[in-house]
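**Q** Here's the letter readout for the chains.
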Amino acid sequence: AQSVTQPDIHITVSEGASLELRCNYSYGATPYLFWYVQSPGQGLQLLLKYFSGDTLVQGIKGFEAEFKRSQSSFNLRKPSVHWSDAAEYFCAVASSGGYQKVTFGTGTKLQVIP
Amino acid sequence: EAQVTQNPRYLITVTGKKLTVTCSQNMNHEYMSWYRQDPGLGLRQIYYSMNVEVTDKGDVPEGYKVSRKEKRNFPLILESPSPNQTSLYFCASSSAVYEQYFGPGTRLTVT
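Chains A and B are the protein sequences, given in the same order.
Be aware that the first sequence starts at 34, since it is given in the working numbering, and climbs by one per residue.
Be aware that the second sequence starts at -9, since it is given in the working numbering, and climbs by one per residue.
The hints are simulated quantities; they were obtained by calculation from the structure and are not laboratory data.
Since we're looking at a predicted model, the values are computed, not measured.
Treat each hint with caution, since some may be false.
The calculated EDC-like cross-link candidates involving lysine to aspartate or glutamate, where the alpha carbons are at most 16 angstroms apart (straight line), are [what the hints assert, rightly or not]:
(1) B:61 - B:20
(2) B:7 - B:49
(3) A:101 - A:121
(4) B:8 - B:69
(5) A:101 - B:49
(6) A:134 - B:69
(7) A:142 - B:28
(8) A:82 - B:89
(9) A:101 - A:48
(10) A:134 - B:89
(11) B:61 - B:49
(12) A:134 - B:46
Part of the chain A face toward chain B, derived, beta carbon under 10 angstroms [to be verified]:
(13) 39
(14) 65
(15) 71
(16) 82
(17) 96
Think of the CB as a built atom: it goes at the ideal place given N, C-alpha and C, for glycine as much as any other residue.
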């Protein structure tokens, strides 16, 4: 069975500092991996996705993520955080093969301090 | 405007009273899903649909039903709601490339 672990429930960073949010997955084949962001009271918005190819993927809002098969990780990074990045971030894995069973992690809440 | 709509956005009901949450998308997507979001648990997939008349269970299907009679609509049915179904529900749709578009959410309270 597929699973996703986000080990950090809550992270606080200063505005302008760099950010890394951790995500570890478990899946038998090549996974389809995603990062979503949820602002307070809002739905989820896709930041980036990885299906295959280049293991460093670029997303919206200046985010990037790196797929490391050997570590079963898909960590999200941003070089300089803005106050508007405060939100909850979810990593997700989807099964390949034409159907869409999707498993989300439990989320990491990001607080940005001035 | 491409969007996923859900109705109602907020609902308070009593145990055992059947309810339906509607979901509609205007992007001609084949895939649609329902999730529930609970604090500390993230989003858990309830059901998903790969096309009209094709549905399958996600991780937490107990107590829920779905139907997909038209491509654009994917209603979630709670035939006998219970307090443990109090949650925030999201509908999502996607094309075959898995990029999901989420609705605004429905906050359900069952007393």
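**Q** Hint by hint, where does the structure go against what was stated? Just the numbers, ascending.
**A** Hints 2, 3, 5, 6, 9, 11, 17 are the ones this structure does not satisfy, whereas the remaining hints hold.
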